[in-house]
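Residue numbers (the numbering used here), protein chains in the order written: chain A, 84 to 339; chain B, 84 to 339; chain C, 77 to 348; chain D, 77 to 348.
For the record, the hints were derived by calculation from the structure and aren't laboratory data. Fair warning: this is a prediction, and the values are worked out from it, not measured in the lab. Backbone N, C-alpha and C define an ideal beta-carbon position, used for all residues, glycine too. A couple of the hints might just be wrong.
What the hints assert, rightly or not - Some, not all, of what chain C presents toward chain A, calculated at C-beta under 7 Å:
#: 1; residue: G191
#: 2; residue: A286
#: 3; residue: F293
Said to hold, decoys possible - Some residues of chain D that are not near chain C, with every Cβ distance over 10 Å (derived):
#: 4; residue: A109
#: 5; residue: A207
#: 6; residue: L210
#: 7; residue: E336
Said to hold, decoys possible - A few chain B positions that, by computed beta-carbon distances, are all more than 12 Å from chain C:
#: 8; residue: E93
#: 9; residue: V111
#: 10; residue: T137
#: 11; residue: D294
#: 12; residue: V313
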Amino acid sequence: MRVTESFRDEELLADVICRLIGDVRQNVRHVAVGAASPIPATAALLAREKGGGTPYVSLLGSRDHTFFTDGARELFDCAGQGRIDVFFLSGGQIDGAGNINLVSVGDYDHPKARFPGSFGSAYLYYVVPKVILFRVEHSRRTLVPKVDFISAPGGSPDNVFRPGGPVALVTNRCLFNFDRARRRFRLKSVHPGHSVEEVLDNTGFDFDRPDDVPVTPAPSANTLLLMRSVVAPMVAEVYPQFAKNVFGIEAAVPSS
Amino acid sequence: MRVTESFRDEELLADVICRLIGDVRQNVRHVAVGAASPIPATAALLAREKGGGTPYVSLLGSRDHTFFTDGARELFDCAGQGRIDVFFLSGGQIDGAGNINLVSVGDYDHPKARFPGSFGSAYLYYVVPKVILFRVEHSRRTLVPKVDFISAPGGSPDNVFRPGGPVALVTNRCLFNFDRARRRFRLKSVHPGHSVEEVLDNTGFDFDRPDDVPVTPAPSANTLLLMRSVVAPMVAEVYPQFAKNVFGIEAAVPSS
Amino acid sequence: MPVIARTLDEALESIADGAMLAVPRESSGVPMAATRALIRRGVKNLHLVALPTSTLQADLLIGAGCIATLETSAVSLGEFGQAPRFTAAILGGTIRMLDATCPALHAQFQAAEKGVPFMPLRGLIGSDVLAHRLDWKVVDNPFGDNDPIVLLPALKPDVALFHAPLADRFGNVFVGTQRELIAMAHAAAKTIVTAEKLHDGDLLRDPVLAAGSLPGFYVEAIAVEPRGAWPLPLPDHYGIDAAHMTEYARLAATAEGFAEYLDTYVYEKRAA
Amino acid sequence: MPVIARTLDEALESIADGAMLAVPRESSGVPMAATRALIRRGVKNLHLVALPTSTLQADLLIGAGCIATLETSAVSLGEFGQAPRFTAAILGGTIRMLDATCPALHAQFQAAEKGVPFMPLRGLIGSDVLAHRLDWKVVDNPFGDNDPIVLLPALKPDVALFHAPLADRFGNVFVGTQRELIAMAHAAAKTIVTAEKLHDGDLLRDPVLAAGSLPGFYVEAIAVEPRGAWPLPLPDHYGIDAAHMTEYARLAATAEGFAEYLDTYVYEKRAA
Numbered sequence: 084m085r086v087t088e089s090f091r092d093e094e095l096l097a098d099v100i101c102r103l104i105g106d107v108r109q110n111v112r113h114v115a116v117g118a119a120s121p122i123p124a125t126a127a128l129l130a131r132e133k134g135g136g137t138p139y140v141s142l143l144g145s146r147d148h149t150f151f152t153d154g155a156r157e158l159f160d161c162a163g164q165g166r167i168d169v170f171f172l173s174g175g176q177i178d179g180a181g182n183i184n185l186v187s188v189g190d191y192d193h194p195k196a197r198f199p200g201s202f203g204s205a206y207l208y209y210v211v212p213k214v215i216l217f218r219v220e221h222s223r224r225t226l227v228p229k230v231d232f233i234s235a236p237g238g239s240p241d242n243v244f245r246p247g248g249p250v251a252l253v254t255n256r257c258l259f260n261f262d263r264a265r266r267r268f269r270l271k272s273v274h275p276g277h278s279v280e281e282v283l284d285n286t287g288f289d290f291d292r293p294d295d296v297p298v299t300p301a302p303s304a305n306t307l308l309l310m311r312s313v314v315a316p317m318v319a320e321v322y323p324q325f326a327k328n329v330f331g332i333e334a335a336v337p338s339s
Numbered sequence: 084m085r086v087t088e089s090f091r092d093e094e095l096l097a098d099v100i101c102r103l104i105g106d107v108r109q110n111v112r113h114v115a116v117g118a119a120s121p122i123p124a125t126a127a128l129l130a131r132e133k134g135g136g137t138p139y140v141s142l143l144g145s146r147d148h149t150f151f152t153d154g155a156r157e158l159f160d161c162a163g164q165g166r167i168d169v170f171f172l173s174g175g176q177i178d179g180a181g182n183i184n185l186v187s188v189g190d191y192d193h194p195k196a197r198f199p200g201s202f203g204s205a206y207l208y209y210v211v212p213k214v215i216l217f218r219v220e221h222s223r224r225t226l227v228p229k230v231d232f233i234s235a236p237g238g239s240p241d242n243v244f245r246p247g248g249p250v251a252l253v254t255n256r257c258l259f260n261f262d263r264a265r266r267r268f269r270l271k272s273v274h275p276g277h278s279v280e281e282v283l284d285n286t287g288f289d290f291d292r293p294d295d296v297p298v299t300p301a302p303s304a305n306t307l308l309l310m311r312s313v314v315a316p317m318v319a320e321v322y323p324q325f326a327k328n329v330f331g332i333e334a335a336v337p338s339s
Numbered sequence: 077m078p079v080i081a082r083t084l085d086e087a088l089e090s091i092a093d094g095a096m097l098a099v100p101r102e103s104s105g106v107p108m109a110a111t112r113a114l115i116r117r118g119v120k121n122l123h124l125v126a127l128p129t130s131t132l133q134a135d136l137l138i139g140a141g142c143i144a145t146l147e148t149s150a151v152s153l154g155e156f157g158q159a160p161r162f163t164a165a166i167l168g169g170t171i172r173m174l175d176a177t178c179p180a181l182h183a184q185f186q187a188a189e190k191g192v193p194f195m196p197l198r199g200l201i202g203s204d205v206l207a208h209r210l211d212w213k214v215v216d217n218p219f220g221d222n223d224p225i226v227l228l229p230a231l232k233p234d235v236a237l238f239h240a241p242l243a244d245r246f247g248n249v250f251v252g253t254q255r256e257l258i259a260m261a262h263a264a265a266k267t268i269v270t271a272e273k274l275h276d277g278d279l280l281r282d283p284v285l286a287a288g289s290l291p292g293f294y295v296e297a298i299a300v301e302p303r304g305a306w307p308l309p310l311p312d313h314y315g316i317d318a319a320h321m322t323e324y325a326r327l328a329a330t331a332e333g334f335a336e337y338l339d340t341y342v343y344e345k346r347a348a
Numbered sequence: 077m078p079v080i081a082r083t084l085d086e087a088l089e090s091i092a093d094g095a096m097l098a099v100p101r102e103s104s105g106v107p108m109a110a111t112r113a114l115i116r117r118g119v120k121n122l123h124l125v126a127l128p129t130s131t132l133q134a135d136l137l138i139g140a141g142c143i144a145t146l147e148t149s150a151v152s153l154g155e156f157g158q159a160p161r162f163t164a165a166i167l168g169g170t171i172r173m174l175d176a177t178c179p180a181l182h183a184q185f186q187a188a189e190k191g192v193p194f195m196p197l198r199g200l201i202g203s204d205v206l207a208h209r210l211d212w213k214v215v216d217n218p219f220g221d222n223d224p225i226v227l228l229p230a231l232k233p234d235v236a237l238f239h240a241p242l243a244d245r246f247g248n249v250f251v252g253t254q255r256e257l258i259a260m261a262h263a264a265a266k267t268i269v270t271a272e273k274l275h276d277g278d279l280l281r282d283p284v285l286a287a288g289s290l291p292g293f294y295v296e297a298i299a300v301e302p303r304g305a306w307p308l309p310l311p312d313h314y315g316i317d318a319a320h321m322t323e324y325a326r327l328a329a330t331a332e333g334f335a336e337y338l339d340t341y342v343y344e345k346r347a348a
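Next up, chain A with everything else stripped away, as it sits in the complex:
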């Protein structure tokens, strides 16, 4: 057995997300990745490489890895048709009920901090069956008891049309699953080098957990190789800075 290689946090998280995509493989035909999502982009492309070309992966902002031809609207229309199976969302704040805040901290009319905005979250969180939440910074600043602004809620009343919603939350410390019926997170595993106590100390919301919390498996050597040699150059097209920082590669010069 080969000794586990060293890896970066981003690589572990991409591997975790890739396995989350894989867990739902039987129904997954199309994984879409939105703006400002380099780790999910890495994960989705990794899943496609491992799947021998499936699922379809659409990266917002990519020329090489998108199958949309009907403009910026098509992703949302496509999701509304039920053709997008997995999407990724983050949040400046995320709370224990799965609510996400991409707008501001404090009173909306007099905010203390401002994030870019809700993007497509107030729609996609409702209609994509499997939404994977990711937030690298796992702290009481980001994982809060209650978000100050609900860009999109973690759950909805029974009479609200909602085929989609959160399935998991991936941070730099751990993986939570989301229980839609109870609208609560459940700790699934802590990443290598991290502990349950640390997760408890740094999480602002209550969550469920088993008595024995497993350790998140490290990425295999093969996965790391695939990620670094095949996936990273693809990621560099859309996220050149990320690809440079994480994988140490430069983007190809865009064709002119």
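Starting from the known structure of chain A, arrange chains B, C and D on it as the hints suggest.
Coordinates of chains B, C and D only, in the frame set by chain A:
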């Protein structure tokens, strides 16, 4: 002064319609012609030739004379935006209130005769400012007291959104204007070789008329030349049978 | 993953009896080879939605007894006259007719495309088209003041079927400016395409061709059928076969003549 | 008739102070040369609608004091961090912000495109985006049973402004797969385009180019501006100028630095 040339009914009607388009020239940027409308197509192309390239003319079904690139929907969206200034409609039956019937004669569920269907009339009649009605066959069979099926009404209650509607009706015998406020037709002119009495005899609905009804001017020699030499080959692209019958020209072989 | 079918019949397999089948207008690429194959197979009870009108295709399917319900804005043979089998079926009461108007059908497909239950549309009020459509509703515009407006329910066909100039092995289909074909595919649960020819390479990799292409993930199956729209036209490729249409109009004027037409032009493959 | 303007300023003439101006997302052709020209001209009180998001363009216009109202789904510099002038304006309360979500903006443009007063959209219910938009309404779906759904009002900008790869003398503009530019032009009262270069001939006469083109009758004015999206990318033509964006992010972090940026990169033409 040159002697008036002989001309066909279709040529006179196209000239009449062309002048109706011209009457509203100051606001006319875009004239659209729908399905099964060879005479309006001739008139619109004639108007464009006379206008030195304006207005825009879009012929449904034409490759050479359409400016739409967003599929079959664009004509209707474009009209909804207020960008189509003139359109043409016909009817299996037309009544004195400007209602048109493109569907059937007799009871809808057990019809005695069936026409093709309403096409876009139930929308375009409401939103295009100037709709010119045309029906070559002027008889009590076609111009009826009350249509059996209203594909689209000639007028609407004040609270119904309706920037558009009929402005005129052109037949093989005469030209009527339409008074929207009174929802009635008014005889504008009778075509050369026809009479007011004949119009009265052959019209199933009541209409207004001046004491002296003018004769519709015949097409000028120049208009006929333009129609036959320049416009007819264009018409032949979409209406080869019509162009052959009326103008005696064959359509070019479609490129393969 | 979309499949380049080995045969036309294989591509059409998922069009079941009773399916709601969406097809395009004459000038947008009507799948006539596929239509003849469906008639040969004896498909029954189709709910045919022609977006927004039809000509020979609806007439042929009606005459061959394949249609239970027809939903469209108009059926004729254009310059070749009335559609005789359509007219006979309406007068005889042998099919259920849902009379529509072109922009209403487009809006209903757009509603399905957007995953919304309905789409508003202006016009229609006071029309008997609306009066006979119990599935369409009039509401008061919530953004207006005493402003009635029609809401049209989403129309989500089981299968969209059309003929296109070009397709590739990834299932991408070039439709050019005939973009209602794209809306139709977005709206439908499955899309089946016949294509004039197969494109070497990936249509989506060419930024110009991509602009006129439907991505393969919407497409269930593709069959390559040269002149697959014949005798109807394919824009930019071939025109209508006027002599054939004249013959069709003549023969289809009677039930006997129509049967002769089917024998000669539809079932001939069976005999061959 | 659309006009190939002699100068960029001439093309932009009809963008008045206080206009509702629609612009596209970063990856679709942002008219940055035109944006700098508007700042030089000193345009004021714009209601900027970025469909559906913005980056440098909104930040620059905000910092230069051109914006009264911003309506969009997100503003950041992407990989180059937060948008500093946007963030400062929100925290300082110096602009009115209408927070949206991407598909809602698309639906609102589609409503204007179709000439309908509103468009329904799923999602949104329970979101504070909806809670803060008094112009959006929740109704009970008339086709459902206890099924609340949001209606969004049509959004009809005074002017749509974008940068495209190609335009011709007839005013036709090739946009390729960036079709939200077409929806934007359909929705807007007027459309002004800057183009990389002028196409010889008629884009609509080429069936392949036509499929990705906006017809000229929607277009008010065109100015030819090579590298008109710089320092932002133009799809299939050039990438983002990362070094410049890094410099912008550094300078715009303070009001003083932003003023220096304007002097160097926006007003320099005035000095030249």
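- No chain C beta carbon within 10 Å of D:L210's: Non-interface label stands for D:L210: nearest chain C Cβ at 12 Å, farther than 10 Å.
- Item | Hint check: 7 Å Cβ-Cβ cutoff, C:F293 to chain A | 5 Å, holds
- Per the stated criterion, does the least C-beta distance between B:D294 and chain C lie above 12 Å, as a non-interface residue requires? 34 Å, holds
- Query: Would B:E93 pass as off the interface with chain C, using Cβ distances and a cut of 12 Å?
  - Reply: At roughly 14 Å from the nearest Cβ of chain C, B:E93 sits farther out than 12 Å, so the non-interface label holds.
- Item | C:G191 as an interface hint toward chain A, with CB separation required under 7 Å | 2 Å, holds
- Task: May I ask you to check that B:V313 keeps its beta-carbon over 12 Å from the closest beta-carbon of chain C?
- Result: 22 Å, holds
- 10 Å Cβ clearance of D:A109 from chain C: For D:A109, whose nearest Cβ neighbour in chain C is about 22 Å away, the distance exceeds 10 Å, so it holds.
- Query: Close enough to count: is the Cβ of C:A286 nearer than 7 Å to one in chain A?
  - Reply: 5 Å, holds
- Item | Outside-interface status for B:V111 - nearest CB in chain C farther than 12 Å | 21 Å, holds
- Message: Just want to verify: D:E336 was marked as not at the interface with chain C; is every Cβ pair farther apart than 10 Å?
- Response: Nearest chain C Cβ is 37 Å from D:E336, so the label holds.
- Say whether it holds or is violated: B:T137 keeps its Cβ farther than 12 Å from all Cβ of chain C. 23 Å, holds
- Least C-beta distance between D:A207 and chain C, which was stated to exceed 10 Å: Check passes; 17 Å lies beyond 10 Å.
Of the numbered hints given earlier, the model fails none.
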